[in-house]
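Take 1 as the starting number for the sequence shown in the numbering used here and just add one per residue.
Since the hints were made in silico from the structure, they are not lab data. In this text, all values refer to a predicted model and were calculated from it rather than measured experimentally. Every residue gets a Cβ at the ideal spot worked out from N, C-alpha and C, and that includes glycine. Check each hint, because a few of them may be wrong.
[What the hints assert, rightly or not] For lysine-lysine, the following DSSO-like pairs were computed, each having C-alpha atoms within a straight-line distance of at most 30 Å:
1. K43 <-> K79
2. K250 <-> K204
3. K202 <-> K251
4. K251 <-> K107
5. K26 <-> K107
[Said to hold, decoys possible] If you anchor each label on the Cβ, the simulated ranges turn out as follows:
6. R141 <-> E72: 20 to 30 Å
7. K43 <-> A150: 29 to 39 Å
8. I97 <-> S168: 20 to 30 Å
9. N47 <-> P103: 37 to 47 Å
10. V224 <-> L159: 12 to 22 Å
11. E15 <-> I144: 31 to 41 Å
12. L125 <-> S22: 26 to 36 Å
13. E72 <-> L32: 16 to 26 Å
14. P91 <-> A199: 30 to 40 Å
15. L195 <-> M171: 39 to 49 Å
16. P221 <-> A69: 13 to 23 Å
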Amino acid sequence: MSQEDIDATRAPLMEHLIELRSRLIKSLIAFLATFFLSFLFAKQIYNVLIWPYIFAAGPEAQIQLIYTAPLEYLFTQIKIALFGAAFLSFPVVAAQIYMFVAPGLYKNERDAFLPYLVATPIFFLLGAAVVFFIAMPIVMRFSIGQQQFAEAGQAAITLLPKVSEYLSLIMTLIFAFGICFQLPVVLTLLARAGLIDSAFLKDKRRYAIVLVFVLAALLTPPDVISQLALALPTLLLYEASIFSVRMVEKKRAEAEAAREAA
Numbered sequence: 001m002s003q004e005d006i007d008a009t010r011a012p013l014m015e016h017l018i019e020l021r022s023r024l025i026k027s028l029i030a031f032l033a034t035f036f037l038s039f040l041f042a043k044q045i046y047n048v049l050i051w052p053y054i055f056a057a058g059p060e061a062q063i064q065l066i067y068t069a070p071l072e073y074l075f076t077q078i079k080i081a082l083f084g085a086a087f088l089s090f091p092v093v094a095a096q097i098y099m100f101v102a103p104g105l106y107k108n109e110r111d112a113f114l115p116y117l118v119a120t121p122i123f124f125l126l127g128a129a130v131v132f133f134i135a136m137p138i139v140m141r142f143s144i145g146q147q148q149f150a151e152a153g154q155a156a157i158t159l160l161p162k163v164s165e166y167l168s169l170i171m172t173l174i175f176a177f178g179i180c181f182q183l184p185v186v187l188t189l190l191a192r193a194g195l196i197d198s199a200f201l202k203d204k205r206r207y208a209i210v211l212v213f214v215l216a217a218l219l220t221p222p223d224v225i226s227q228l229a230l231a232l233p234t235l236l237l238y239e240a241s242i243f244s245v246r247m248v249e250k251k252r253a254e255a256e257a258a259r260e261a262a
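Work out the full structure: start from the sequences and follow the hints.
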């Protein structure tokens, strides 16, 4: 390669680096803005996150959470702000990634990539909804059932969750479910790339079942209820992924037939 060739590639490289810096700055600004906004409403957000506990305990129960360190509740609010910022800024960050990558893609690649970029937060929200309305109430109802009333010869054992530990539990479940609910998106995208097909997914179903339960055990707290609450919906999503991949194969076959006919 001559010096002229090196000089010719230097300008496009600098332009890409400048654009990358611009995209990163915009993403960082979006994250910081949503962080401060989430921190401003951190207490209200935490009160919303407690709803599954209230639902599990019943409307007449006196719900009480405690914190045992002076700054524990403050750090809990900071964690809520980080959690909210990661979620609220995702559309901006994803858009910046897409706008940076899109010029290097063909039109059909852009058309194939964009729907999955939109589907990712939707499936994450579905996973969070399952946690909020199903998994977390079940876990809290089971935990409440472990309480013991004071009687002759036995002490009272009362559930008093710490604010930080309750937040860690529900955030862990939301992230675990949100990640596992990306299964249809990932498998369908792999099918679009021609790396897997529906026959492969059917043949590997038994291994997928084992892997799902292993991941559920790793991603959730060490209790059977949380693991089953994650594993069962994920297995249903695996079956839905097979159907989605089959639809991709059908569309590909139709497109190839149309090209051959033309």
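Which numbered conditions among the earlier hints are violated in the structure presented, ordered from lowest to highest? Going through the list in order, the structure violates hints 11 and 15 and respects the others.
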